[in-house]
Amino acid sequence: MKKTLTAVLLSLTLAAPVMAKDIAGVKYPDTATVAGKELKLNGVGLRKKAIFKVYTVGLYVENPTQDATALLNADEVKRVRMFMKRDLKKDQITEAIENGFKKNAGANLPKLQDRLNTFKNAIPAEVKEGQELILTYVPGKGTTVQTSDGKSIDVEGKDFADALFSVWLGKDPVDSGLKDGMLGKDD
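The sequence shown runs 774 to 960 under this note's numbering.
Be aware that one or more of the hints could be misleading.
Straight-line distance between alpha carbons at most 27 Å, and here's what the computed BS3-like set of lysine-lysine pairs gives [claimed, not checked]:
#1 K863 <-> K958
#2 K821 <-> K884
#3 K826 <-> K924
#4 K822 <-> K944
#5 K876 <-> K958
#6 K924 <-> K944
#7 K884 <-> K858
#8 K813 <-> K884
#9 K884 <-> K944
#10 K958 <-> K944
#11 K884 <-> K826
#12 K826 <-> K810
#13 K958 <-> K822
#14 K821 <-> K958
Because the hints were derived from the structure by calculation, they are not lab data.
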């Protein structure tokens, strides 16, 4: 009985949403409403390159979990909010995303390439420190890319969303510490 109770409590703890978090001076609220669904903050992270803070990220999902595979496989609304901690040129952002696609999409990359190009074209020429990129997947609609200047585009397909979110949550993430943060494993 004691083992069962411990297992139940542990599973509830692991699936509990993260409360509002502050990381590197950026506050991420504990919920976000998207397409009529209330998403919960799954976790936050800081992307560093060498000694530089590049961006913070918050992952919002319908059903929080520390299981990256479950998050990627779920055909549910999910959102990544990226808050820039330094100025980045378009090619810096798109090159990093494309490299993440190549590492995680594998044999699917050729059929995703046209949509990846559409995504890359949506990224502004420069994203300044303090600006955000918001990437939201909605089942049946696809992935919306929103920029701080109010522009947005949609890229269809769950397969595209899976490859995009794999950049951070896949088997070969852009940054394993960032992945752990997004999964709520660094608390």
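Against the structure, the hints:
| no. | hint | in the structure |
| --- | --- | --- |
| 1 | K863 <-> K958 | violated (30 Å) |
| 2 | K821 <-> K884 | violated (31 Å) |
| 3 | K826 <-> K924 | holds (25 Å) |
| 4 | K822 <-> K944 | holds (19 Å) |
| 5 | K876 <-> K958 | holds (23 Å) |
| 6 | K924 <-> K944 | violated (31 Å) |
| 7 | K884 <-> K858 | violated (33 Å) |
| 8 | K813 <-> K884 | violated (31 Å) |
| 9 | K884 <-> K944 | holds (20 Å) |
| 10 | K958 <-> K944 | holds (16 Å) |
| 11 | K884 <-> K826 | violated (33 Å) |
| 12 | K826 <-> K810 | violated (32 Å) |
| 13 | K958 <-> K822 | holds (21 Å) |
| 14 | K821 <-> K958 | holds (17 Å) |
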